[in-house]
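Peer 1: Spelled out from the first residue to the last, the chains are:
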Amino acid sequence: MELDIYLPVAGNSVNVLLLVGLGGLVGLLSGLFGVGGGFLLTPLLIMIGIPPTVAAASDSNQIVAASTSGTFAHARGGTVDFKMGILMLVGGLIGGTLGVRIIQYLRAMGEADFVITVTYVVMLGSIGGYMFHDSIRELRGAAIEQALEPPPRRRSIYARLVSALPWKIDFKKSAIRLSLLMPLLLGGMVGVLAAIMGVGGGFIMVPVMVYLLRMPMHVVVGTSLFQILFTCANVTVMQAWMNHTVDFILALLLLFGSVVGAQIGARIGKRLKADQLKILMSVIVLVVMVKMLLGLLIAPEIMLSHTGGH
Amino acid sequence: MFRRRISTTIVLSLLLPIAAARAGNGPESVQIEPENVVIGIFYSGQTIRVKASAPASQGVVIRVTGPDEPLLLKKKGKKYGLVWMNVGEVHYEAVPTLYLLRSSRKLDDLATPETLSRLKLGFDALRDRVPADSEDGARELFGDLVKLKERDGLFSSEVGGVELDSLESGRLGARGEVFLPAKTPVGEYTVDVFRFQGGEGLLVGSATIHLKRGVVVSSIASLAENYGLLYGCLAVAVAVLAGLGTGFIFRR
Numbered sequence: 001m002e003l004d005i006y007l008p009v010a011g012n013s014v015n016v017l018l019l020v021g022l023g024g025l026v027g028l029l030s031g032l033f034g035v036g037g038g039f040l041l042t043p044l045l046i047m048i049g050i051p052p053t054v055a056a057a058s059d060s061n062q063i064v065a066a067s068t069s070g071t072f073a074h075a076r077g078g079t080v081d082f083k084m085g086i087l088m089l090v091g092g093l094i095g096g097t098l099g100v101r102i103i104q105y106l107r108a109m110g111e112a113d114f115v116i117t118v119t120y121v122v123m124l125g126s127i128g129g130y131m132f133h134d135s136i137r138e139l140r141g142a143a144i145e146q147a148l149e150p151p152p153r154r155r156s157i158y159a160r161l162v163s164a165l166p167w168k169i170d171f172k173k174s175a176i177r178l179s180l181l182m183p184l185l186l187g188g189m190v191g192v193l194a195a196i197m198g199v200g201g202g203f204i205m206v207p208v209m210v211y212l213l214r215m216p217m218h219v220v221v222g223t224s225l226f227q228i229l230f231t232c233a234n235v236t237v238m239q240a241w242m243n244h245t246v247d248f249i250l251a252l253l254l255l256f257g258s259v260v261g262a263q264i265g266a267r268i269g270k271r272l273k274a275d276q277l278k279i280l281m282s283v284i285v286l287v288v289m290v291k292m293l294l295g296l297l298i299a300p301e302i303m304l305s306h307t308g309g310h
Numbered sequence: 311m312f313r314r315r316i317s318t319t320i321v322l323s324l325l326l327p328i329a330a331a332r333a334g335n336g337p338e339s340v341q342i343e344p345e346n347v348v349i350g351i352f353y354s355g356q357t358i359r360v361k362a363s364a365p366a367s368q369g370v371v372i373r374v375t376g377p378d379e380p381l382l383l384k385k386k387g388k389k390y391g392l393v394w395m396n397v398g399e400v401h402y403e404a405v406p407t408l409y410l411l412r413s414s415r416k417l418d419d420l421a422t423p424e425t426l427s428r429l430k431l432g433f434d435a436l437r438d439r440v441p442a443d444s445e446d447g448a449r450e451l452f453g454d455l456v457k458l459k460e461r462d463g464l465f466s467s468e469v470g471g472v473e474l475d476s477l478e479s480g481r482l483g484a485r486g487e488v489f490l491p492a493k494t495p496v497g498e499y500t501v502d503v504f505r506f507q508g509g510e511g512l513l514v515g516s517a518t519i520h521l522k523r524g525v526v527v528s529s530i531a532s533l534a535e536n537y538g539l540l541y542g543c544l545a546v547a548v549a550v551l552a553g554l555g556t557g558f559i560f561r562r
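Protein chains in written order, with this note's numbering: chain Y, 1 to 310; chain S, 311 to 562.
Since the hints were derived computationally from the structure, they do not count as laboratory data. There may be inaccurate statements among the hints.
[What the hints assert, rightly or not] Label pairs and their in silico Cβ distance ranges:
#, chain 1, residue 1, chain 2, residue 2, range
1, S, Thr518, Y, Leu17, 44 to 52 Å
2, S, Asp443, Y, Ile136, 56 to 64 Å
3, S, Gly483, Y, Leu17, 51 to 59 Å
4, S, Phe489, Y, Ile136, 39 to 47 Å
5, S, Gly387, Y, Met47, 16 to 24 Å
6, Y, Leu98, S, Pro423, 53 to 61 Å
All C-beta atoms, glycine included, are put in the ideal place defined by N, C-alpha and C.
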């Protein structure tokens, strides 16, 4: 039996099982890596005939459910740093507003599309590449020696800068002591980038927390999900209010799959080692980057496209 | 004066449906099944059967069109000689929302390009309506617009999509099917049937498909459109509850 359902806002019909399945897959990634998965799901939804603006907005709605489910699972396991999350969230909101202004300015100059695409590919490539390289090194055990012997000889400029910042506080869940300016600034930076690229920013947030804030990987995933929950709730309400692009039926079917996927992802994540998680995440980021790069290099079949997509 | 104009309008609007019905029931009539299509929650497009009878002819063409709409699209090109991306916009003043064509034979075998263009039959005829001097290259890119619309199922052209039978009365019976994809926007769509004889095309008759939203679909769509803030908050609330609910269920 073909189980098709009509989506009132998207104005198209899709197969119910396909949507639940896609939701499940993205939810799994979400629970496992602490990303929203919009960078993966939005293009897939466009591929099955959902208008780009509706795909992005309804995806945010779905992520609210998946990240609630994921945060719940992680909070129970004690791997959500709420203090860090809230500070980064505040920074992210300020950064997001700034990013929207920057993109308006670029649009006016007519270079927005190029800047967005290049930023996207460069970010994905460098984050994915660095994580991949780093986790391979850790798997080989090279990093263990370094961890045992902290390298005090030549502290990087970054490390000196971080230790010079005032207002240091303890983040117990992450077991680190940092200036409260750090999460605010880095959250702001991710917010700017996410707004420019038109994505939630989970795949930038996770590496930032791992490498720049030096948080433990398992706490990173839970804390990232906690933030994504608020960012996506904000995006969903704004999109529904201003652009009327949230298709609730679409989101509902996706979240049926994703809430379950997120729980399973969080469970699998607990059994994996931090570097195994990192290497898997870096492979996914690199695959998305290669797909985007090919899209840029291969001549398109149709030289026209609908407005509203990336 | 003003009142008279209003009453004339009322009388005319009352008479119009009667006139239309007469034309539909005449000897050269066109019948469609179904005429009214309601978009329910399980809607996934609708096949429309078209039947017509006409004097003996060499070929028959069925055309289903929707109202024209202006269209703004992104044009892809090579930037800095390196990467393919959006490089500008292309504007079309009037593109039919839907354009489905079924013919018993190849259009070129039935009439000259001029006749086809005059009757707006075939993608070439549609392209002829785009001004040749548009700076954004709209006319040159029309083939790509057709491909884009074909991918959505909103444009299609099928040779052999009309079956012809000789009726006892010496007339010709024509049957064809078109599929309205789920993506078709709500509205009224015109079904026109043409017959061709000696290179000339004549309109056999027309019918109208009424595509409307059902109660549930229309309520959700109007809630999203008219009460966006409330709708957004509800959508978030349900998502949070679903997330928490699953958390509780999975709790060991």
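Peer 1: Does each hint hold? Answer for all of them.
Peer 2: Structure-based check of each hint:
1. S:Thr518 <-> Y:Leu17: 44 to 52 Å: Between Thr518 (chain S) and Leu17 (chain Y), where Cβ atoms are some 36 Å apart, the hint is violated.
2. S:Asp443 <-> Y:Ile136: 56 to 64 Å: Because 59 Å falls inside the window, the suggested range holds.
3. S:Gly483 <-> Y:Leu17: 51 to 59 Å: violated (41 Å)
4. S:Phe489 <-> Y:Ile136: 39 to 47 Å: violated (52 Å)
5. S:Gly387 <-> Y:Met47: 16 to 24 Å: holds (22 Å)
6. Y:Leu98 <-> S:Pro423: 53 to 61 Å: At 56 Å between Cβs, range holds.
In terms of the numbered hints stated before, the structure departs from hints 1, 3, 4, listed from lowest to highest.
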